[in-house]
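Participant: One-letter residues, chain by chain:
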Amino acid sequence: MKRILYILTILLTLTACHDQPQWRDDPYGNFDALWTIIDEHYSFFDYKQVDWNEVGARYRAKLTHDMTSQELFDLCGDMLKELRDGHTNLIASHDVSRYWIWEQYPVNYDERLIDDHYLNFNYKQASGIKYAILPNNYGYMRYASFSNSIGDGNLDLVFSYLSTADGLIIDVRSNGGGYLTNVETLVGRFIDRRTHVGSIQHKNGPGHNDFSEPFDYYFEPTKNHIHYQRPVVILVNRGSFSATNNFVSIMRHLPQVTIVGDTTGGGSGLPFTSELPNGWRIRFSSCPITDVDGTVTEFGVAPDVRVDLLDTDAAQGRDTMLETAFQVLRSRL
Amino acid sequence: MKRINILLCLVLSVLMAWASQEVGDSLTDRAVDLPDVEPSCLLEPNRPPAIMFTAEGGWGRVLDSYLTPITYKGWHTALGFEHNQACGFSPERWQRQLSLGVAYDHVDNRVGNNTMHHLGGTARWALMRRWSGVFNRHFSLMGGGMTWLHGGIIYNSANSNNPVSVKAYWTLGLQGIAQYDTHLGHVPVCLRYQAALPVAGVWFSPDYDESFYEIYVGNRKHLIQPGWWGNRFDLDHQVTADFRLGGTILRVGYHGTIERSWARHLNTHITTHGIVIGLGGEFLSLPSRSSRVISTY
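Chains Z and E supply the protein sequences, listed in that same order.
So the first sequence is residues 69 to 401, counted in the numbering used here.
So the second sequence is residues 38 to 334, counted in the numbering used here.
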């Protein structure tokens, strides 16, 4: 009996008790929490050649015990901008820090220009998709956000309506992303077999190089629903970010698809969220997704045809990028 | 006429059970003593199941580093069901217990600007050997094995691609009960400490920063972890007093749970403390209709 109790006592010392660091809710505690969370979870240090230890030391030297909450927020926000990552945000009740690359480039999209001069405000809408057949018999689909869930029934109606068009333009300019499941739903209408669309990894430990093996993932064609197999042009700009970037990185490998516009905004790391002692939330890229070639598209996908929306054209009611899409479709027919 | 006979037997059995309880027999002892009454309608020893429904309220503390490194605290509530019965193969020595429960914890972070919701369900079945009169005739011990199935989620609405931590495990372990029968005035009281301690099993755990999207697109490798005291420790224990008020048993007491795990650099600490109030009783169980013999003389 004594031996059993002795063994039980030994085994109980093996229990899974692991202390979790709890930082103080003061400028130093919150800063250290932020730095540590990023240090242990962020996924692109090597890809972006960021020396996070150096960055942390440089910004920590600017801390003071009596700094205001706003000053701390600005300091932390500046530190996070060193990561050049649109998915990395510090979120407080009064502000959101951001590094949104599209703010540094031309907008390259004017919704009113399209509605007024090409659609003549005569379009249909379903599942967050605005669609019409233009006078030149090209189909036009505007998908403004991958957060708008797409129903298969709605898509059937959209593609049924567009089936008589000679080609299709999918406008995802300034589409800031949303749900990756909507990417799968949409791509499923353009593939006719099980298709390797990319690879996904995740951090499997706190070290900067602790990653799982890349996992190849595939999309299936949507069964028993309408597919679109005619030439397709996808219009993109720097605001085509996150899930939209993923959509473009997949579609560009399909033979009937041409990407037109500016480089996309990137954002190929699936963001996770964590928290600081003062209640601020920190979002950061955690799971890198590569395209089918294994290319990291964190800084965007280059278009097949590079073009900007020119002010001179816009002044005349012309969308330079859409006009280029027409030329591409004409050349593909 | 047969129905009247059955009813009479039932009434007689209940009255005899009540009488044996009044002289201070414990709940489980009565399960043993009932055959001595020998109601003419039963061939097998009677093993009345004791059933208890409980409600619980208290305090909870949740840390799940997949969601946040911050410990959340708040209120805890739970509903439970417990079924105890002597085993047919050896009613004097063995007892089985089935416990079912659902629990909900509503916990906030330290500064109070975010809430997490922890919802879980548990099913536990135990088979225990009973030793009556260990130190004196009022004290008995039970100990044996149990199997424990648990499922639940912790939901953090403020998170992006890690909003949910799924909790699922199945374990084998130990369960023990120490029980003391006494009286408070004329009211029989059963004081009881019960603990369930998982030893080994399997549990679900994503990797350190593995998203559910990756699982969704097909990467389901290594999601099931072997569990032992080296990577997880769970304990469910309660101290209760059961007051026998006529045919009803009133339970009051304390119920605590501990869940700790450390695997794949993910840390979980969940602790709850609750005040338990329950109502229950004993229910006479008859053999199945086909094996029931009705006296005809």
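If you're looking for bench data, these hints aren't it; they were derived computationally from the structure.
Take these hints with a grain of salt, some might be off.
[What the hints assert, rightly or not] FRET-style restraints, in silico, Cβ to Cβ:
1. Z:Q193 <-> E:T114: 43 to 49 Å
2. Z:G97 <-> E:G267: 38 to 44 Å
3. Z:H276 <-> E:G158: 25 to 31 Å
4. E:G267 <-> Z:G275: 33 to 39 Å
5. E:L156 <-> Z:S399: 54 to 60 Å
[Said to hold, decoys possible] The list that follows gives simulated cross-link-like pairs (lysine to any residue, SDA-like), each with its CA atoms no further than 20 Å apart:
6. E:K110 <-> Z:Y285
7. E:K258 <-> Z:R92
8. E:K258 <-> Z:K291
9. Z:K192 <-> E:Y253
10. E:K110 <-> Z:K291
Glycine included, C-beta positions come from ideal geometry on N, C-alpha and C.
Participant: Confirm or reject the claim that Z:H276 and E:G158 have a C-beta distance inside 25 to 31 Å.
Facilitator: violated, 39 Å
Participant: Note whether the CB distance of E:L156 and Z:S399 lies within 54 to 60 Å or breaks it.
Facilitator: With a Cβ separation near 57 Å, E:L156 and Z:S399 satisfy 54 to 60 Å, so the hint holds.
Participant: Tell me if the straight-line CA distance from E:K258 to Z:R92 falls inside 20 Å.
Facilitator: Violated, at about 37 Å.
Participant: Holds or violated: Z:K192 and E:Y253, Cα atoms, limit 20 Å.
Facilitator: Given that 20 Å is the threshold and the Cα spacing comes to 32 Å, the pair is violated.
Participant: Does the hinted range 33 to 39 Å hold for E:G267 and Z:G275 at CB?
Facilitator: 22 Å Cβ-Cβ, so the 33 to 39 Å window is violated.
Participant: Check the hint pairing E:K110 with Z:K291 against an upper bound of 20 Å on the C-alpha distance.
Facilitator: violated, 47 Å
Participant: Using the Cβ atoms, figure out if Z:G97 sits within 38 to 44 Å of E:G267.
Facilitator: For E:G267 against Z:G97, whose Cβ atoms are near 31 Å apart, the range 38 to 44 Å is violated.
Participant: Taking 20 Å as the top limit, are the C-alpha atoms of E:K258 and Z:K291 close enough?
Facilitator: Roughly 27 Å between the alpha carbons, so the hint for E:K258 and Z:K291 is violated.
Participant: That 43 to 49 Å hint for Z:Q193 and E:T114 (C-beta), does it hold up?
Facilitator: Cβ of Z:Q193 to Cβ of E:T114: about 45 Å, so the range 43 to 49 Å holds.
Participant: Under the criterion that the straight-line Cα-Cα distance not exceed 20 Å, is the pair E:K110, Z:Y285 satisfied?
Facilitator: violated, 39 Å
Of the numbered hints listed earlier, those contradicted by the structure are 2, 3, 4, 6, 7, 8, 9, 10.
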